[in-house]
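Visitor: Taking the hints as your guide, dock the two standalone chains into a single complex.
Chains as they are written, first to last, in my numbering: chain G, 28 to 283; chain F, 84 to 480.
Note that these hints are calculated values from the structure, not bench results. It should be emphasised that the depicted structure is a prediction, and the values quoted were computed from it without experimental measurement.
Below, a sample of chain G positions facing chain F; criterion: calculated Cβ distance under 10 Å: (1) Thr105; (2) Arg109; (3) Met115; (4) Tyr117; (5) Gly135; (6) Pro175; (7) Ala178.
Distance windows between CB atoms, simulated: (8) Ala474(F) / Gly181(G): 22 to 30 Å; (9) Asp119(G) / Phe339(F): 31 to 39 Å; (10) Tyr146(G) / Val271(F): 25 to 33 Å; (11) Phe279(F) / Glu92(G): 53 to 61 Å; (12) Val49(G) / Gly368(F): 26 to 34 Å; (13) His473(F) / Leu271(G): 46 to 54 Å; (14) Gly160(G) / Ala294(F): 14 to 22 Å; (15) Gln227(G) / Val271(F): 55 to 63 Å.
All C-beta atoms in this analysis are idealised placements derived from N, C-alpha and C, irrespective of residue type, glycine included.
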Amino acid sequence: MLQPSSNPAVRVKDLRKNYGAVEATRGVSFDIMPGEIIGLVGDNGAGKSTLTKMIAGDVAPTSGEIHIGGSLVQSSSTTWARDHGVEMVYQDLALCDNLDICANIFLGREITRRSALGYARLAHDEMHLKAEGLLKMLEVKLPNLREPVTALSGGQRQMVAIARSVAYEPKLVIMDEPTAALSVSAGQPVLDLIRRLPKQGVAVLLISHRLSDVLTTADRILVLRRGKVAATVKASEITEGDLLHLMAGINAPNED
Amino acid sequence: MGTLSTSRSQASAAAAPPGLQRQSTVSERADWRLVILVVATLVIWGGFHAWTGVFISPRNLSNLAVQATITALMAAGLTWLLVAREIDLSVGSLLAFCGVLCMQLMQKAGLDPISTILLVILVGIAIGLFQGGIRVMLGIPSFIITLAGFSWLRGLAYVTSGAETLSGAGDLFYEIGNGEFPAWTSLVILLALTAFYLYSWLRTFTGFFGAPRRAVRPVNIAVLCLALAAAALSLWVFAWTQGIPYALSLLLVIVFCMEFAARNTRFGRYVYAIGGNPVSAKRAGIKVDGMILALFGLMGALSALAAIIQTSRLDAGPPGVGLFVNMSAISAAIIGGTSLFGGEGRVVGAVLGALLMASITNGLSLAGVDTFYQMIITGALLIIAVTADHAAQKKAK
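Bound-form chain F, shown alone (with noise of 0.2 Å):
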């Protein structure tokens, strides 16, 4: 038997040349699963176009992005959290309750917008770590303990405001959710952008540059060929008649910071590693209670955060919005590839499942259709995704 194991093995490393390592068939799936959920939102756009005449223009685009980004931000914080096997119901509550703190400390307490903006962000930390601190020192399921946060914060976001809605920002605060960078800049930066990930794209599979190279396989070209066509489509849209704009590029700085933080550093490993298995994740020394208290604090950092560019863009601070923010946002993570069982799931994934779920809600509004057909469709798809991963991950066993 040991014999045979070893012949075999080395059957199977001389298939392989020599020297030259490639990616996991797991993670290889994963990112085909990703190219397909660009894809099908590409043919939505097309559809959509078709239907309206409007859909795919710089302007529809730009804000269809920055709709996209207020779920996406909270897509990005629940998929580490549900990674972890986490979960938090009351990011949409916690929305809505730093909405409105935003515009009582300026309009009641004449706050100046930074000190208001890096107070509401510490609100949204302590708020994250007190329902973290409850989950992990009563070990209370998160569920509950979120579920509770739920219906408490919405209650202090009505208690806080006394159920009025406040408006008026000011120029400096409006300019978070509605400015963008000038057209030149954002020429700059997108082109600086698009000269990074193809060096890095380069470095990896060719040894242009030296590095260990990695063996090419059709998912880096198709991810590689996806990537350019968005360069493309981001300087038409987002540097030909407008910037790009300042909502975006902060998901953009977060998404690319989680995404690296998440393949290397120890903080990113050990997210999967207590999804993976808890259990073992704690007899290897990792704190697990730490890591989850700030997996919490930093849901709540990324929800004060898109609390403020949704008070920025509505320019007032209601009480009751975001009712459905918080399933959509889950809904995002899971289309894009995040399991509820936790070990598995990407940042990136979960923004193209809100830019996905965005773009039909953008395109149904533009054809005219009534809300409530949109939340019937949002929840089709949301059925149709998950039974199309199912068979997907049948026919791979």
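If we strip away everything but chain G, and leave its shape as in the complex, we get (with noise of 0.2 Å):
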């Protein structure tokens, strides 16, 4: 699973943070390679969301390194980590109802061309046929491209959003559940999207308390229980009783 030769798109070591007397995350370590889908689960208050504020930059660790693409982190920043390649996904999607799906795609990035009068012109007809290129590889299908996404349904949303976090070649996306505000139907395609990421190359760590989403798309599962990473396991080779078991920390029949 772990080849030698290639380099993590993400190391955690040893990774601390204290609120006060309380300890969120006691140490964590892990790597993910580039390609992977690595799930995050583990039960309320296991740390799992201080854990991804730290990667995103929006929380410093009290100790410990997070390297990203071979480089120390060593600032916390949303805007640092988002220039080096981590993007978040965030649950409550991020997008601008109001803005069309192009719009929204770029939104913060726009590209612009110097116009004849000296201001920075924004470029549409460039950015339209660039999200159509970013869609069709991501085999996304959607309406006409200039539709505010306020006319999307949930999950065409989220596309939207997911679409975004990849457009600028991320290392790493971290999509704290994605699927908990759509239906099972609604959410199949979601899923079906991030498993077509790693062929970008994209790391993707995702966070979800649906464990059958997580198991039907991770290739790994990180498991977190009282801040410590309570165990690694291969998707194929875990059922949802037994992850239930370890996200809870009673032993279960047949773990080893």
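Guide: Here it is, written out as structure tokens:
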């Protein structure tokens, strides 16, 4: 599974975070290889959200190291993390409902061309073509890209958010509960899309309460319990019941 | 499910002509809304003309245009603030203060008109930035800060003027609000504008000029027809017996720039992004605080410009002026389709809203109806516009 020749997309070493006396994570270490989908599961308070926030640069760790694409993270800032290839798809999607699909995909990173009068003019056609190309590559079918995202279904909006996260060739995309707000049938195309991301060389950290989603989508599953990695298991080698036991800290009958 | 959704979107893709993009149904609906607004204004004009017999005349329409300009300038700034989920309740008081300042600077301090204008615009920007700065740095809602501004700026206007109205600013300053381009210059300007509009319409929708063309929708035809009708009317009003008023031309330049910026610059797009979802905008790396500060600065500049035109028109700087202009400007923005909840609204809509409101005030004055009734009718109009909007949106959903 871990090939020593290839470098991990993200390496986390002995990451700790204390909120006062509360230890949210107590020395978490793991690697994520390029093109790998890692499921992150754990009960409420296990430290999932603190861990992801530290990787995304939202929260500064108390101690420990985060390496992204081989370089050590020096400062905790979401901008730094983004610039170095860590994208986050938030649970509440972070789309601007009133803007169209194309504008959302390029939000904050619009392509501009210097016009004759010297100001930076938005390159509408270029962005439109690039957005079309991106969605085609990801095999995502959406209606008119000029339609505001408010006109889209929940699943389609989630796919826009994911497409945006991979638009700039990130090393890692963190997905926080991507199917939580969707029905099972609406979530399926989203999971299919996530499974296609490794083809682009992207590593995915998938956080979900729906264990069946994690089991069918992830390659490996990282089980967090009380701020520590309780187990790392191959998704193909574990059942939902065993996973629940691991999360809760009860010895499963067939745990080795 | 995956294959199902795929086949469905393939079907819808096949329905649209290949390679021809069309605008979204949402923006199409917003355009129809403006078309209806213009048609309603024209109907009202017809009604007033039948009533008074003099409404549709070059002299009155030109007068009406300048009357609408002052409200429209402020409504334009308010539109962007409202789109970004902010508001400014102090612009009427700022208008009075800047007006007082104009006369004080020229008469008491002996400043020349050009320096006065520049200085007053700078003061407007500074006051806007000050209020915006409090909004951004302390996180106090703009409603409250500008409500305070509504009071202290008005007070400042009275204190600065000593509660007296200075008048008589000299010819150069007087020309700003009362002068107009010569008829032949106006003719050239209007023809050039019409030609430019036709060119960009044809470029977008027919592919005559080699650009990727878009599908023509009924609303695009309706807008074209109204634009051509407006061009014909403008030629009659502004090039036949008199020219384009300077104040109006200033408004048109500003509206054009703002509309252009809204579509074609990052700044414009971010105004709408902030209104759509401020948290997302921030996460996307947009400097939300800086944007809000800039919008308040712009609002200050536009208020100062409106004050300069107002003062020039009156040839006086009364500290009590513009008590209702704040509410009129907000009403104009809302009638023009701006949402109070942010994210929606266009500057051009606000200008058309200001025109509709000025038309009603003007028409009722011509008909000799008391101002008190005018206020009642303006209020009723606001309710009608918002109710109609609400009904239309419900139907659309």
